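The two chains are supplied separately, each in an independent frame; assemble them into the complex guided by the hints.
Single-letter residue listing:
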Amino acid sequence: MDSKRGRRLQRLRIFSQVFFVWTFFYLLVKSGGAEVAHLPQTGLFFYLDPLFLWVNLLSGRFLHAFLLALIPLFLTLVLGRFFCGWVCPLGGLHQFFTWLGSRRSCKKTMVARGPLRLKYLLLIVLLVASLFASQLLGWLDPFSLLTRSVATVVLPGGNFLLQHALESGGQDSGWAGKAVRPLYEFSRRSLLTVTQRTFLQPAAIGLLFFGLLLLNLRRRRFFCNTLCPLGALYGFLARFSLLRLAVNEKCRKCNVCADHCTYSGSPYQDYLKSECVLCGNCLVDCPAAAIDFRFQLPGTGKRPALDLGRRRLLGAAGCGLVVAALPQVAVSRQAKAHPFIRPPGAVAEKEFLKKCIRCGACMQACPTNAVQPAVFQAGLEGLWTPLLLPASGYCEYECNRCTQVCPTHALASLTLEEKKQFKIGTAVINRSTCYTYADGYNCAVCEEHCPVPEKAIRLRAVEVQGFRGRLKKVDQVYVVPDLCIGCGICESVCPRTDAPAIRVGAEEEQRENPYG
Amino acid sequence: MKRRTFFRNGILVSSGLLMAPLARAQAKPSAAPLTAGQVVQVKGASPYEITKRAVAEIGGMGKIISRGDVVMVKPNIGWNRTVEQAACTNPEVLRAVIELAFAAGAKKVVVMDNTCHKAEDCYLRSGIEAMARKAGAELRFSDENRLVVHDFKGEVLGKWPVFRDHLEVDKFINVPILKHHGSSGLTMAMKNLYGILGGNRGKLHRDLGENIADAANGFRCHLVVIDAWRVLMRNGPVGGRLSDVELRQTVFASTHIMHADVAAAALFGRDAREVEFLQAAFARKMGEIDIARVPLKSLAI
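Sequence order for the protein chains is F and Z. Take the first sequence: its letter number 110 is residue 110 in my numbering, and every next letter is one higher. If you want my numbering, it's the position in the second sequence, counting the first as 1, plus 516.
For reference, chain Z alone in the conformation it holds in the complex (with noise of 0.2 Å):
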C-alpha cells in the first residue's frame, strides 16, 4: 500500500468511525429511509464470535427471522480454492450464521451458490460442505432444472434466470467474502448476489456496475454478513496465491446490503465513491455512498 492510500484510508475510515453517530442524528430527520441501514463492524480473535457479535450488535437474528422460517443461506462458493487463498466465504463465519439461525427458529436452513468452477470441488475444497453439514444446513447444488425468470425490473438488469430456491424460502441472507475483483474493483454482498443467477452470467459483465446494482436493487436481502477474515488483496476473484491473502479478522452486519458494502470497502481501503456498482446503487438511491454518511457501528472483542 502506498503511503498516500495509507493516510488517506486512516482518514477516510476514522473520520468515518468518529463521524458515524453524528451522521445518524443528523440523518435521522431529513432521509430516514436512505441512512436506517445500520451496519456494524466487529473485529476479534475468532470469526465465529465477530460474527455471532457482530449479528447481535445489529439486533440479533430474532429480529430477522421468525420462527419455522425457511432460510438461505448464500455464500460465495464460487471457486476450488482452500480456505487459506481467500477465495469463498469463511466456514467458521457462515457456521455462525446457521446456527443463528437454528436457534432464531428456523425450520430449515439451505446453503447454496451457483459456482464458477465445478460445484462438487467448490464446495469441497472451500471447506463449506463439510462445515454446513456440521451446522446441520441443507447442502443443495444449483439445479438447471429449476430455473425460474425473475424480474429485477432494473434500468439494465430486467428479467433473467433465477433459480427457484432462492424465491422459494422465507428469509435470505447473504454471506460473501470481501475480495479484489478485476473487473468490478471489488467483489461484496451486491456482486456475491450474480450467484442466484443462470443462464450466461457472463453476458451480464458489460455495464457490470449497473448490473450489479440492479440484482441488489431488484433481489431482497433480509441480512447481510460479509467475511472479511482473510482477504485477497490482487489477483481476485480467484487468486490462489497466499502472499495475495492478508488477515483483517472483521466481519461486517447489516440488513442495508450497499451500506455493508460501502463498509467493507473501506476496509479494503477503497472509496466507495471510485467503485462502479456502488456509484451505479447510489444512482439509484439505494443508500449512503460517503462512508462519512453510513451508519457504522466499529467495535473490537
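Okay, chain F solo, but in the shape it has when bound (with noise of 0.2 Å):
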C-alpha cells in the first residue's frame, strides 16, 4: 500500500477514533442533569465488552444487551485488535497523548517483551479471581476507568477551573471584566452546574488517570499496551485472527515503519500479530509501499505473536487464586454490620460485589452528588463501588436516574413508583445531639425536608425543663422507621456543623431481605 492510500486510512482512523471519544462523552455528559425520561443509552459502550459479558455470565440473572459484545469478538477473529485502534474511546484519548509525544524511534531493536506481556497476565490474574466471586475486572476495564474517572474527577475539576477562572475575570473592573462577565453568565446558565460536584478521593483517581495519560509521552499508548486487560483479551484472539500486516518484495530494510508503530514494534522487523491495532501509521512512514494488510487463512504460515510461556501462564492463574480468596476470607464477608449505605436497587451486597463494575456512571447520573466512589468502608473489594453519602448529598424522592443508568443492574432498574417504595436504610436520630432533645429548642429541618408524603419523620410537643427548671414546650423530633425510606435528605440537611444528629445507616434495608 503506498503511503498516499495509507494516510487515507489513518485519517479514516482518527476520524474514528474522534467519533467514538465524542459519543462517549456526549453520552456520560448527557447523563448527567438529564431528565430521568431522555437519560441517553450510556451504558452502550458497556454492553460492547465482552469482559462484561463475561462478569455478566458469572453473576446471576443475565442481561441480552451484553450480546452485544459478541460483535467485536468476532470481528476480532477477523481483523484483529481493530477495537483498540479504531473504537476504544480510552484508546483514542491515549492515542492523543501518544501524539503530544511523539518522537521517532531512536533505537530499533526488538520491542521490550515484558511490558506487554503485563497486561496478559493480569487478564488471567482477574479472570480467575472471577471466577471465585472476587470481581475485579472494572478496576482496569479502559470502559469502567474512563467513566470513572471522567465523571469524578475530569468534569468536576473542568467545571472548578471554568467556574474559577470566569468569576475571578468578571470581578476586574476593567475591560477584562466587561468581557468576561457575559461570558461567565452565560457558562452559569448553560455549562458549569450550580453547584460544584465534588466527590471522595479525586487525588486518587485524577492521580491514576491523568498519570496513565502522562505515561504516554514516555511510552506509546502506555495503558493500552502494558496494562489493559481488555486489550489483552483481544490480543489473544488477535493472534488467530485472518486480517495481518506483510511485508513486500519492495521492502529496503529501513526499518523506518518502526518510527510511529503503537505498540513501537515494525512490521519489518518485529510483527507481533496480537499487539498491532491497526492503527496505520507504518503504512504512511513506508517510504516504499511495502507494506499491505493481507488475508491469512488458519493453519497456513506463522502467526508472530507474544510467547507469554508456560510458567507465567501458571504463575499468573496461582496469583489469581491468592486474589480471589483475599477478599473473601475478609472480616466485613461476615459481619452483619456495615457503615454504609448503597443506592436505591443495590442487589444484596454478595451479588451486588459480583454486578458491579465499579464504572461510576451512577456517581454522574446522581443529580444530588450524593452517589460516591467508597474508598475502604466496603472493603478492599469493594474500592470504587457506589456509596449513597448523605454527607454529600440525598437520594431525590422524584429520581431513578442512577437505576436506569447501571448498565449491569448491580442497582436493578427501578420505575419511579418503585424507587419511592425502595427501602435504602433507616434513619436514626443521636438525642444527644439533636437541637429538640439536647437543647431543648425547636429545629425540624429534618421534617420539613422528609419527602416521605406522610412524613417518616414526625413533631411530638413534649413541655421540658428548660433553663433554671422552667418548663417549656418543644417540639421533639421523631422517626417513623416503617414509613422511613432512608433517603438520608434528613442527614444532609441537619443544621449541626460537628456531625448530623440524625444518621441514615443500612438497618433494615431492603436489599439484605431475601424475600423483598
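Hints are computed from structural coordinates only; laboratory data are not their basis. Because the structure is a prediction, the values reported are computed rather than measured. Yeah, the Cβ is synthetic: ideal placement off N, Cα and C, and Gly gets one too. Among the clues, some could well be false.
[Unchecked claim] Short derived list, chain Z residues pointing at chain F, Cβ under 7 Å:
| # | residue |
| --- | --- |
| 1 | Gly714 |
| 2 | Asn716 |
| 3 | Gly756 |
[Stated by the list, open to error] If you anchor each label on the Cβ, the simulated ranges turn out as follows:
| # | chain 1 | residue 1 | chain 2 | residue 2 | range |
| --- | --- | --- | --- | --- | --- |
| 4 | F | Leu44 | Z | Leu640 | 24 to 34 Å |
| 5 | Z | Arg789 | F | Pro481 | 30 to 40 Å |
| 6 | Z | Ala816 | F | Ser413 | 48 to 58 Å |
| 7 | Z | Gly652 | F | Ala335 | 51 to 61 Å |
| 8 | F | Ala348 | Z | Ala646 | 33 to 43 Å |
[Claimed, not checked] Subject to a maximum C-alpha distance of 20 Å in a straight line, what follows is the list of computed EDC-like cross-link-like pairs (lysine to aspartate or glutamate):
| # | chain 1 | residue 1 | chain 2 | residue 2 |
| --- | --- | --- | --- | --- |
| 9 | F | Lys472 | Z | Glu790 |
| 10 | F | Lys473 | Z | Asp681 |
| 11 | F | Lys178 | Z | Asp681 |
Spelled out as C-alpha cells, the structure:
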C-alpha cells in the first residue's frame, strides 16, 4: 500500500477515534442532569465489552444486552485488534497523548516483551479471581476507568477551573471584566453546574487517570500496551485473526516503519499480530509502499505473536487464586452490620460486589451528588463501588436515574414508583446532639425535608425543663422507621456543624431481605 | 376540618370581611402607620386573571414600579414538585406578576430562589423555569459566590449572608405560595424570605418564629402577592400527596407583608394569633395580628 492510501486509512482511523471519543463524552455528559425520561443509553460501550459479558455470565440473571459484545469479539477474529485502534474511546485519548509526545524511535531494536506481556498476566489474574466471585475487572477495564475518572474528576475539575477563571476574571473592573462577565453569565446558565460537584478521593482517581495519560509521553499508548485487560483479551484472539500486515518484496529493510508504531514494534523487524492495533502509521511512514494488509487463512504460515510462556501463565493463575481468596476471607464478608448504604435498587451485597463493575455511571447520573465512589468502607474489594453518602447529597425522591443508567443492573432497574418504595436504610436520631432533645430548642429541618408524603419524621410536642428549671414546650422530632425509606435528606440538611444529629444507616435496608 | 374549627374560621373570616372597612375607618386617626397596609383577596376562575385583578385593586403595579426599574420577583421554588403538588408558587400567578412588572415599565425582571432540593430540578419541575422564560424574565440560580452579608438588625437575626442579586435590584416582589409548614405552622410571604438567605439556613430554625419576623422586618418587599390557588393543607412544606392539596382559587396582594400573611392565614383556617412568627411580627409592631383589624378587601370575579 502506498503512503497516500496509507494516509487516507490513517485519517479514517483518526476520524473514527474522534467519533467514538465524542460519542462517549456526549453520552456521559448527557446522563448527568438529563431528565429521567431523556436519559441516553450510556450503557452502550459497556455492552460492547466482552469482559463484562463474562462478568454478567457469572453474576446471576443474564442481561441480553451484553450479547452485543459478541460483535467485536467475532470481528476481532477476522480483523485483529481493530477495536483498540479504531473504537475504544480511552484508546483514542491515549493515542492523542501519544501523538503529543511523539518522537521517532531511535532504538531500532526488538520491542521489550515484559511490559507487553504484563497485561495478559493481569487479565489471567483477574479472570481467575472472577471465577471465585472476586470481581475486580472493573478497576482496570477501559470503559469503567474512563467513565469513573471523567465523572468524578475530569468534569467536576473542569467545572471548577472554568467557574474560577470566569468568576475572578469577571470581578475585574476594567475592560477584561466587561469582556468576561457575559461569558460568565452564559456559562452559569448553560455549562457550569449550579453547585460544584465533589467526590471522594479525587486525588487517587485523578492521579491514576492523568498519570496514565502522561505515561504516553514516555511510552506509546502505555495503558493499552501494558495494562489494559480488554486489550489483552483482544490480543489473545488477534493472533488467530485472518487479517495481518505483511512486508512485500519492495521492502528496503530501512525499518522506518518502526518510527511511529503504536506498540513500538515494526512490521519489518518485529511484527506481533497480537499487539498490532491496525493504526496504519507504518503504512504512512513506509517510503517504498512495501507494507500490505493480507488475509491469512487459519493453519497457514507463521503467526508472530507474543510468547507468554507456560510458567508465567500458571504463575498468573496462581496469583489469581490468591487475589480471589483474599477478599472472601475478610471479616466484612461475615459481619452483619456495615457502615454504609448503597443507592436505591442495589442488590444484596454479595451479589452487588459481583455485578458492580465500578464504572461510576451512577455517580455521574446522580443529580444531588449523593452517589460516591467507596474508598474502603465496603472492604478493599469494594473500592470504587457506589455508596450513598448523605454527607454529600441525598437520594432525590422524584428520581430514579442511577437505577436507569447502571449497565449491569447491580442497581436493579426501578420505575419511579418502585424507587419511591425502595428502602435504602433507616434514619436514626442521635438524642445527645439533636437540638430538640439535647438543647430543648425547636428545629425540625429534617421533618420539613422528609419527602415521604405521610412524613417518616414527625414532631411530638413535649414539655421539658429549660434553663433554671422552667418548663417549656418543644417539638421533638422522631422517626417512624416503617415509613422511612432512607433517602438521607434529613442527614444532609441537619444544621449541626459537628456531625449530623440524624443519620441514615443500613438498618432494615430492603436489599438484604431475601424475600423482599 | 373539624366542625368547631370550621365555625370558628367561618366566623373569623366573615367578621373580618364585614369589619374590614370599619377597622380601616377606626384605625385611620389613631395608628395610621400600622394599619395602612391594605390587603386585597381575589377569588376567581383563573390564577392569571385573579392575580392581575388583585394587583390592580391595591392601586396597580404602576404605583410600585418606576420606569426602568430592575425588579426581583421571588417565588417559592424550594422543592422538586409539580404544580399540582402545590409546594411551589403557581407559574400562572408568576406570569401575571412578571407581565405586570414589564407593563409598568420594568427594564428587567429577575426570577430566583435559593432552593431546598437541587436547584435545576426545582426550577424545571415546578414549571417556573418555562413560564419565567416565556414571560421574558431572567432566570438566575443562587450563586454562592454572590453572597454578601446583610444586616437585618433584628432581635435574633442580625448579620447573615444574602445573595447580592436581591439587594442590587430596584424593587423586590415577594410571590410565595400559601401552604402548611411543619415547624412554623404556615409558610407565606414572611417565611418566603428565607429564600434570599445563604449559609446554613437550618440554624435559623431555632427560634424560627423570631427569625422569620426579623427577616421580614429587616428586608423591604415592595409588593407581596400570595398564591393560594392550590393550598397544601398537610405535610408541608414539601408535601407530595395530591390528597393533601385543596383548590382555593385565591390570590392575595398587598404592600404590607405581615397583613398579607395574616389574611392568608385566615384563608388557611388558622388564627394569626396562633402562628408563632406572626406573634413575633406583632411584637415587633410590624402590623395588626387580628384579622378583624387588617384592612382586607375581598372580592370574587
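Going through the numbered hints above, which ones does this structure break? Give me the numbers in ascending order.
Violated hints (numbers, rising): 1, 10; every other hint is consistent with the structure.
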